[in-house]
Structure formats: C-alpha cells, structure tokens
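Asks: Going down the list, the sequences are from chains S and F.
Counting in our numbering, the first sequence tops out at residue 309, every number present.
Counting in our numbering, the second sequence tops out at residue 309, every number present.
Hint data in this document are derived by calculation from the structure and do not stem from the laboratory.
Just to be clear, a hint being listed does not mean it is correct.
Said to hold, decoys possible - Simulated restraints on C-beta separations: (1) F:Q72 <-> S:S309: 42 to 50 Å; (2) F:Q90 <-> S:Q227: 56 to 64 Å; (3) S:D295 <-> F:G98: 33 to 41 Å; (4) S:Q72 <-> F:I29: 33 to 41 Å; (5) F:T73 <-> S:G206: 37 to 45 Å; (6) S:Q72 <-> F:Q117: 56 to 64 Å; (7) S:Q236 <-> F:D76: 26 to 34 Å; (8) S:Q90 <-> F:G98: 39 to 47 Å; (9) F:D100 <-> S:A38: 48 to 56 Å; (10) S:D121 <-> F:V88: 51 to 59 Å; (11) S:G206 <-> F:Q116: 53 to 61 Å; (12) F:P294 <-> S:M26: 45 to 53 Å; (13) F:D100 <-> S:Q236: 30 to 38 Å.
For every residue, glycine included, the Cβ atom is placed at its ideal position computed from N, Cα and C.
One-letter residues, chain by chain:
There are 2 protein chains.
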Amino acid sequence: MTVATDYYPSRVATPMALIPRVEPVVYARGTYAKALSAEQLRSYEENGFLVMHDVFDPAEVQTYADELHRLLQNQELVGQPGTITEPGSDAIRSLFKVHEHSALVQQLVQDPRLLNVACQILGSDVYMHQTRANFKPGFTGKAFYWHSDFETWHVEDGMPAMRALSCSVLLTDNNASNGSLMLVPGSHRYFVPCLGETPEQHHKQSLKKQEYGVPSQDHLTQLVDQGGLETVQAKAGSVIFFDCNTIHGSANNISPWARSNLFMVYNSVENALQAPKYGLEPRPDFLGQRTVQHVLSPS
Amino acid sequence: MTVATDYYPSRVATPMALIPRVEPVVYARGTYAKALSAEQLRSYEENGFLVMHDVFDPAEVQTYADELHRLLQNQELVGQPGTITEPGSDAIRSLFKVHEHSALVQQLVQDPRLLNVACQILGSDVYMHQTRANFKPGFTGKAFYWHSDFETWHVEDGMPAMRALSCSVLLTDNNASNGSLMLVPGSHRYFVPCLGETPEQHHKQSLKKQEYGVPSQDHLTQLVDQGGLETVQAKAGSVIFFDCNTIHGSANNISPWARSNLFMVYNSVENALQAPKYGLEPRPDFLGQRTVQHVLSPS
Numbered sequence: 011m012t013v014a015t016d017y018y019p020s021r022v023a024t025p026m027a028l029i030p031r032v033e034p035v036v037y038a039r040g041t042y043a044k045a046l047s048a049e050q051l052r053s054y055e056e057n058g059f060l061v062m063h064d065v066f067d068p069a070e071v072q073t074y075a076d077e078l079h080r081l082l083q084n085q086e087l088v089g090q091p092g093t094i095t096e097p098g099s100d101a102i103r104s105l106f107k108v109h110e111h112s113a114l115v116q117q118l119v120q121d122p123r124l125l126n127v128a129c130q131i132l133g134s135d136v137y138m139h140q141t142r143a144n145f146k147p148g149f150t151g152k153a154f155y156w157h158s159d160f161e162t163w164h165v166e167d168g169m170p171a172m173r174a175l176s177c178s179v180l181l182t183d184n185n186a187s188n189g190s191l192m193l194v195p196g197s198h199r200y201f202v203p204c205l206g207e208t209p210e211q212h213h214k215q216s217l218k219k220q221e222y223g224v225p226s227q228d229h230l231t232q233l234v235d236q237g238g239l240e241t242v243q244a245k246a247g248s249v250i251f252f253d254c255n256t257i258h259g260s261a262n263n264i265s266p267w268a269r270s271n272l273f274m275v276y277n278s279v280e281n282a283l284q285a286p287k288y289g290l291e292p293r294p295d296f297l298g299q300r301t302v303q304h305v306l307s308p309s
Numbered sequence: 011m012t013v014a015t016d017y018y019p020s021r022v023a024t025p026m027a028l029i030p031r032v033e034p035v036v037y038a039r040g041t042y043a044k045a046l047s048a049e050q051l052r053s054y055e056e057n058g059f060l061v062m063h064d065v066f067d068p069a070e071v072q073t074y075a076d077e078l079h080r081l082l083q084n085q086e087l088v089g090q091p092g093t094i095t096e097p098g099s100d101a102i103r104s105l106f107k108v109h110e111h112s113a114l115v116q117q118l119v120q121d122p123r124l125l126n127v128a129c130q131i132l133g134s135d136v137y138m139h140q141t142r143a144n145f146k147p148g149f150t151g152k153a154f155y156w157h158s159d160f161e162t163w164h165v166e167d168g169m170p171a172m173r174a175l176s177c178s179v180l181l182t183d184n185n186a187s188n189g190s191l192m193l194v195p196g197s198h199r200y201f202v203p204c205l206g207e208t209p210e211q212h213h214k215q216s217l218k219k220q221e222y223g224v225p226s227q228d229h230l231t232q233l234v235d236q237g238g239l240e241t242v243q244a245k246a247g248s249v250i251f252f253d254c255n256t257i258h259g260s261a262n263n264i265s266p267w268a269r270s271n272l273f274m275v276y277n278s279v280e281n282a283l284q285a286p287k288y289g290l291e292p293r294p295d296f297l298g299q300r301t302v303q304h305v306l307s308p309s
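Chain S on its own, in the form it takes in the complex (with noise of 0.2 Å):
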C-alpha cells in the first residue's frame, strides 16, 4: 500500500482547481499491438474517446442482443449483489461480471476487434476490471449524470493511474431520441476534484443515483466551453473506446427505442488495484476485480 502523497485527490471539503493529468493517454507510442491507424489513435489521444462504426456485423449483433436478452430475463439474477434493478421495479437494469454469466461474452472481452485496441492503447496486457451488460429501456430509461469513471475508481477502488479504458459495444441504434452516450472531448486531460466525504456502503446507492463523485457544474462547464460536448450517434454493432477519465453521461430515454450495450473495461496489469482512499472499505468485486487474474495479451 502506498502512502505517498496523492496527486488526484477528491471527496474534498472545499472546490479545488482542475488537476493537469500526467499520465499518457495512449501508452508505448501505441507500439504493444496493432489494431487502430495513427489517425485513429491521434484522435483518441485527443479527444479521450473513439467511436468505431460497423465493428460487428447484424448476425453478431443478434446473437449478442439474443444473449443479452436471456440474461436480463433471468429473474434468478434479481438480489444478487451484481444485478441493479431500476428504481422501484425488478427490472435489471446492469448486470455486472457479464462475463461470468456468459460464454459468449467471455469470448468477446477476447475478441481482437477489442483486446487488440486495449493493449494498444495501454500499452501492456490487461485484465478484466469490470464487465456488465447494461440495458436503458424505452419510455422510463433513466439518466446517468456527468461524472469520469477513473473519479470513483481511483477513490473507491484504489485504481493508482489513469491507465484503463472502457469499451461500449452498442446493440441496439444510438440516436438524438434515445439517451445516447454524450462525452466531453478532451475531459480526460484533467482530474476534476469532487466535493463531499464519502460515506461508507456508497456503491449501494451510487449504481441508482449519483450524490458523491459529481463534478460541479463550474469545472463541467468549463470543460465543455474547452471541448464541447458530442452526443454519440451510432448503429448497433458500432464501439465506443474511451479512456477512463472521460467525462461522460447520458439524458433519461423516453423514446420508444431501448438503448442496450455490453460495457467492459480493459486496465493494465501494471495498474492493479491498491487500497481504497480516505480509508473506505473495498467495494465488491464486482464492481472492481481487486486483483490481476485471467491476463490477456494481444493475439
């Protein structure tokens, strides 16, 4: 455990600047495998994010929105620890550890479509920090406020660096109409500090409505008066690749079209978890696997 002092703190008492990041974005000059082009990878370094059209063809998709389907009907799932349920309903909403419900999905966080980008990216092999399938109904989806993954995951998880990243393998169409996921281009070259102490068991609550962890609506808006802000539109079978401290979150879907993707995120196993800040107790495993198994290199 380090004791170092920490360079990205947060859950802070008063508002602090925004901390310059010092970490790369794109590991070993993008040298660890070959998946995307130096355009591609130029993109991604800077704009924290890349969206990859057509990368699964309608069959795949099928079989995967299939599987998907199968599990989210699986109402033996609902009260286990990594099955989040909307608000109010026995509805599952995220299923996490996807992976390890599903041959199919095992099979897919190895497919080199992705893997191949990961290891690109961050520069090593990797592991399995969280899988889950996440489903946003039609008519009563609701949102996810703004907030950078990395945030909760270095504070809560004792993730040390920013060196992981999130894939998003769209199932079903993205569009203006359907709570699409919107990304804050270039928010990923600044830690934004959060206000308030964090209480202990916040996971129970933060999977259904975010309260700590939040940027304020000063640093928000000065990123995006920085980057803009770019609301995804893509068809089912596109991925979205964006690095771990992007700024992202979506509006509520009163549409009637469901937006449904499976979400994985690749870190480095030289970045394995340390412990929680601020002295909190490790989350579940689920949540964030707390130690480095089942590596995988680039094929």
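Please build the complex by placing chain F on the supplied structure of chain S, with the hints as guidance.
Replies: Chain F only, in chain S's frame:
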C-alpha cells in the same frame, strides 16, 4: 354547452384504440392569410409541425432573451398562480400569460411572421389561448413526457375541436444534447384516448409532473412505428409551429446549455372553449383563456 356524444373520449377506464382525427389540419385550404408556401403548408399538414429556421435575427433574439431573463429574475412573480417553479426550488421554470407581463411579448404575438402563419393554417382570425416563457436550465432541466396538448385542452378546458396551434420561438440553440423538443410526425392524425380518471385540481400537479392524460406505451410505439420521431435541432431565432394534437415531449437537460423559448398558442375564434369534460371545474385563465378576447387578424 354541448351535450352531444364526445367524439374524442379520454381519461377512460379501459384501453381504447386510436381515434382518427375528423377535422382538417390546414383550414380553408390555407387561403385565409399569406405566409407559408404551398410546400411548407403540405409539410405541416403531413407531419403536424414545421420548423422554420432564422425567422428572428440575432439582435431580435437578444432582445427577447434579455426580456425573458428579466422576467425570470423577478422574484415578485414567485408564488403567483401563473408562475411554475422547479420541483424543490424557487427557480422559475415556466411563466404563463407572459404577454400580459411584457409589452415586448405582447408585440411578438402580433408579429406577422407568427400571426399570419397561425391565421393561414387555422383559416380564421385567432386569439391567444395560452402564452408562456419556458426556461429549461442546464444540468438540472427536467424531462417532459409525451403528450398531446389537445388531449388536455379538450378534457380539462373544453376546447371543442383540433383548431389551435402552438408556436415556440427558440431563444437558445436546440441541439442533440440539451433536451430539445421531440415530435412524432403524423401523430396529429389520431386522437390518443388516455387511461385513468382525472382528479379535481389536477393542474396543480400536472404542470410539474404528468400522471393523467398520458398516452400508453402501446399507442406511442404504434405512432412512432408509423411516423418515426424527430428531435428538433435548430438555432436560436428559429420557430417551431405545431398542431395542437401532435404528440411531443423532451428528455432532461444535463448539458451546460439552457434551453429556453417563448411559447404561444393561437386558437381559432371559431373554436371558443366550452365547459370542461366529465364535470371537471374549469382551470384558471392562465392555462386556457376561457373567453374569446383581443381578436387578432392577419396583416
């Protein structure tokens, strides 16, 4: 007061099918005034709405935005019947009868760029059924679920026929990220009977959160399957005209960009209000002008 059978029943106890509209969409074949081209009229008739870009120039937009800002800052208006605040705060979300609070807005409702369009579509002189200023703040702006205005006006205000239209003057840009107006093209051709009896004094809640007069998910899916869904993306200074029966709604606004507009409803002088349906008490005047007054003619 009419006692004939109501062709458009709603707030019913058991689900009903969609009811085809009987009235025209464009009255008097669009000859009563000259404002829209034949193509614009055709598009309005087919879709139930028309987005006109750059109707007001930037200087005019600034004038109205300043006026809106002035009105919303007026704390004397808080607590008055036509002033709607955000749930749990004193921030003004909507201000009704805005043309009576502001000489500028009084002038705007008579602007030929709006008035002549209204008269041309409705085929007669008109009067203001309702006006309001809407302010959807950045970060915290709430969603409005799908509804037909006519359903409410018919049941709760006794508006006899679909012979009114709304006009929204955009004072801020509407984009894919800030909870823009979404409309269901072609939905104006069907009356959607809604489930559930209406409690007395319903309007005191309905302006903050809709529970009655809400179309079913089945009906909405049916209408979107037919006509799709349009999310308005237009600059400040644009105007959206839409039929009183076009189904519309909007997602919440987590972007930093406020979304505000001036909203006015023109009703035909031949469509004066009658008694509300089902023995309901009439709602206050600010929600629906109960007598035809200040008749406006095309210029």
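Asks: To test your reading of the hints: which numbers does this structure violate?
Replies: Result: hints 1, 2, 8, 11 break, sorted rising.
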